Amino acid sequence: MSYATSLYLTGAEVGLSLTGLVLLLVAAWGGTKSARLVTILSVAALIGAAIFSVGLFDRAGSEVAGRAFGDLYRADAFGSFAKILIYLATSAVLVVTPRFYTHSGSYRAEYPVLMVFNAVGMGMMVSATDLMTLYIGLEMSSLSSYVLASFLKQDDRSSEAGLKYFVLGALASGIILYGISLVYGFTGSTNYEGIRAAFATSFPTGALFGVVFVLAGLAFKVSAVPFHMWTPDVYEGAPTPVTAFFASAPKVAAMGMLLRMAMDPFAGEVDAWRQIVIFAALASIVVGALGAIGQQNLKRLLAYSSINNVGFILIGLAAATPAGIAGALTYLAIYVAMVVGSFTALLMLRDPAGNNLETFADISGLSTRRPALAWSLLALMFSLAGIPPLFGFWGKFVVFQAAVQADLVALAAIGIAASVIGAFYYLKFIKVMFFDEPLREVEASSPVSHWAVLAICVAVISPLGYLLTIPLGDWTAQAAASFVAAM
Amino acid sequence: MEFPILSLMLAVPLVGAIACLFLGAQSARMTALVATLANLALGIVLWLNYDIGGAQWQFVERAEIFAGFSYALGIDGIALMLIMLSVFLMPICILASWDAIEKRVGEYMSAFLLMEVLMIGVFAAQDMFLFYIFFEAGLIPMYLIIGVWGGDNRIYASYKFFLYTLLGSVLMLIAMMWMVNEAGTTDIPTLLNYDFDPQAQTWLWLAFFASFAVKMPMWPVHTWLPDAHVQAPTAGSVILAGVLLKLGGYGFIRFSLPMFPEASEQFTWFVFILSMVAVVYTSLVALVQHDMKKLIAYSSVAHMAIVTAGLFAFNAQGIEGAMMVMLGHGLVSGALFLCVGVIYDRLHTREIARYGGLSINMPKYALFFMLFTMASVGLPGTSNFVGEFLALAGLYKVSTLVTLVCTTGIILGAAYMLYLYRRVAFGEQTNADAAAMPDLNAREWAMLAPIAAAVLWMGVYPESFLAPMRQDIAALEARIARAAPDFDADNVIGTPREHNANYVAPAHGEEHGEEGAH
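Quick mapping for you: the protein sequence lines, in order, are chains A and B. Under my numbering, residues 1 to 487 are what the first sequence spells out, in order. Under my numbering, residues 1001 to 1518 are what the second sequence spells out, in order.
Calculated directly from the structure, the hints in this document are not laboratory data. Note that the coordinates shown come from a computational prediction; the quantities given were computed from them, not determined experimentally. Errors might be hidden in some of the hints.
[What the hints assert, rightly or not] Quick list of in silico lysine-lysine cross-link-like pairs, DSS-like style, CA-CA up to 27 Å:
1) K1294(B) / K1364(B)
2) K153(A) / K164(A)
3) K1160(B) / K428(A)
4) K1294(B) / K1160(B)
5) K428(A) / K1364(B)
6) K428(A) / K1103(B)
7) K1103(B) / K1294(B)
8) K1160(B) / K1103(B)
9) K153(A) / K33(A)
Full structure from sequences and hints, please.
Structure representation (structure tokens):
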């Protein structure tokens, strides 16, 4: 395998890294004035990376099966699918970001650069097939996330969110690293294939500890219960565009990393980790639903909603079948559309003075003030609640179907019954917008860029989304086959 | 492929619904009326072209445009009748909301048209998951109709309606997934003839029951219904009582009975007991209501209990009766809600005591109200008589006791309905404002007269409605015959005695012993 092939396979990351470095120079020389230019170029680079990943989608047939740098990294259908989601989500969030900071005047050219580097890290996370690559990707993404969370330096809540995220994130990274060291100690390899081969011959208790530590750390990154405590605080405190970002792209990356980890190196030990995943799934669904009920702050509510959604994705993982992984990926794709759409709508809610609105009282009676926005949010909320005919239902459908096919009927039944609790607070969202009287003045219009992002997201989650089920099913099945086939 | 009339029936209101969102009040009303009337016309075409005695599934359409399930439509006689009921009631609902709804008319009409799409979709779906999507999606427009345009306590009612029915149906989804996984198809006609393991049937039946019992609604999960009815606007109540409650009965006919015959037999008494309690208990509750809508809501629960009892009689008569009660009740309770709506629009109260003596100042209204009251009681010559009689006759073949208890429901029904009518239409005109109310206007005439005609038609010549369903019900009966329960008072024809009863045996011995065995 030539070095050029490796570079080609990692082209998206390489390209984004170079773009990031160049843009950093532009930002350093151009100062705040260049922020707009840097943002536009970053979005272009991210979309370019997504298109490049589409081209790499099917590498299973090629002679190296997408392996780069001596199997440290694999550009397979799974990685490409996740990367397309990550890059598209990041660029969509970046499109709606700058306007948020105009009021405080704190938008800077470093911001999009940080997002680009974050995207590089996330790309590595989902493509890594070696614990070392994985860790580097993870830290690259996390470190830029910490900075982004505290980007509003004057705002105490933002600083607090950044600090909290950093301390707890560092702890989780430490746990993962400790797990990695145990796994390495017992298998003598950091490569996924090597680990799986070693586990196939013996699986000592110490290695089990390693697996559990790694999975616990990853559960922190995806904010699954019981490692979810940071999520509401960070989501609430961080600037809204950053929250939108945290809830979408890094969630895909962390989930992709977890799926690959569970189904590739640890694929032989399904029985060892399945009960952990089942517990985390059900606990996330229930805690995510119950925790959201009393919330007044919409960002906090959506934080709990993301915990809740992670629970459903984990049900797909608990099935531990190709259908389950494909289901989890389908869910992730729909989830990204829902969450980006919801946060974009939230970003469009401002009072006439330009302050961002983010509590229930602020959206009261929104349907009479901004009907189009309210109807979009209605569709998004029903979709998040998983009510057909909106497309969010399909995500739940595929993961539950995978669970039923894997004979986990009880898990599916409990999970779906608990989803009814979640429906309660989504309904509250709609109730406040549609049934209550208006309390606040809201800005009358929003920029076209926001509408465009919102319209795309709403179109995806609308019943039209069902027309995507066949291609989505094919892509996710192909993605799942890229490592599940080896089982 | 023949003309896709079912898809067209889905498309017409859907287009109307989207258009209404962008229209002003008056044009939205007109659009909605035109769309529903067009659908009624299509429905009549559908009925006229339905080949009675022909293929079981007609107007079949199929398109593989989704992964995991298909867009498959097709109807049998049972579905045809329920679709007719839906398209018949919809224009009337639009008329009922003509003046009563003043705010956000476009969105309201849009919600109603969407509701029509989903109802037709439920009855026409031939794919299990397509059915589920339509079935569940109905919650969204109904939630908005109750929540935005409802009464004072609308928020509580809308939440209760939504969460109750959602919790009921999600378990059904898991059961459907299991069935599809087991049988390897989502096609309802195929699944109708698939024999599931009786052990599994028990669980599947319970999961489906959770959904349909709530929709039906059966005692004790009926409590959402009075709240939803009372708070919903008039047209919302009409649709709720007229069509949405029929989804539960349709579900039993389409899924529970033919797909799980053994389990259905196993739970026959469970259903009977719930039905008996419902008939007696909710009738008694209806007797003491002060709110007209609540009274009619409770009477709906009682009528629906006769439907469930008739269905689980496992014979053609019982099932035909259940279908006729559903159709009749759809018309009659819808009409009764409209009658309440007529006077509510004038006086803005549903309190029975605030009215009285309306037959003096509103004679035409009193006449219509009388007809629908009698129909609700089940007077011969009206739609409900046919259904109730058939259902109870079918039920009698299984259990005399259940029939006895359910029949008391008819008597109690007469009691609460006549008592209601007496308090509203007869007696002194104690309230001056009620006495000053004008009689029906042309729009209200146009609402009530078609229903009155249909009620009488169904009562006098039910054959028009029974004929399309007969073959399908016979097929259903044949399907469930293997699990049919025995008759509790099974009168087996014995062998005649040799002697009179007062015959005294002349001698002792064996002959005496034989005699004692009788």
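Hint check:
1. K1294(B) / K1364(B): 24 Å, holds
2. K153(A) / K164(A): Between K153(A) and K164(A) the Cα gap is close to 15 Å, so the pair holds against 27 Å.
3. K1160(B) / K428(A): 12 Å, holds
4. K1294(B) / K1160(B): Holds, at about 16 Å.
5. K428(A) / K1364(B): 44 Å, violated
6. K428(A) / K1103(B): Measuring from Cα to Cα gives roughly 21 Å; hence the hint holds.
7. K1103(B) / K1294(B): Holds: K1103(B) and K1294(B) sit about 25 Å apart, inside 27 Å.
8. K1160(B) / K1103(B): 24 Å, holds
9. K153(A) / K33(A): Holds: K153(A) and K33(A) sit about 19 Å apart, inside 27 Å.
In terms of the numbered hints stated before, the structure departs from hint 5 and from no other.
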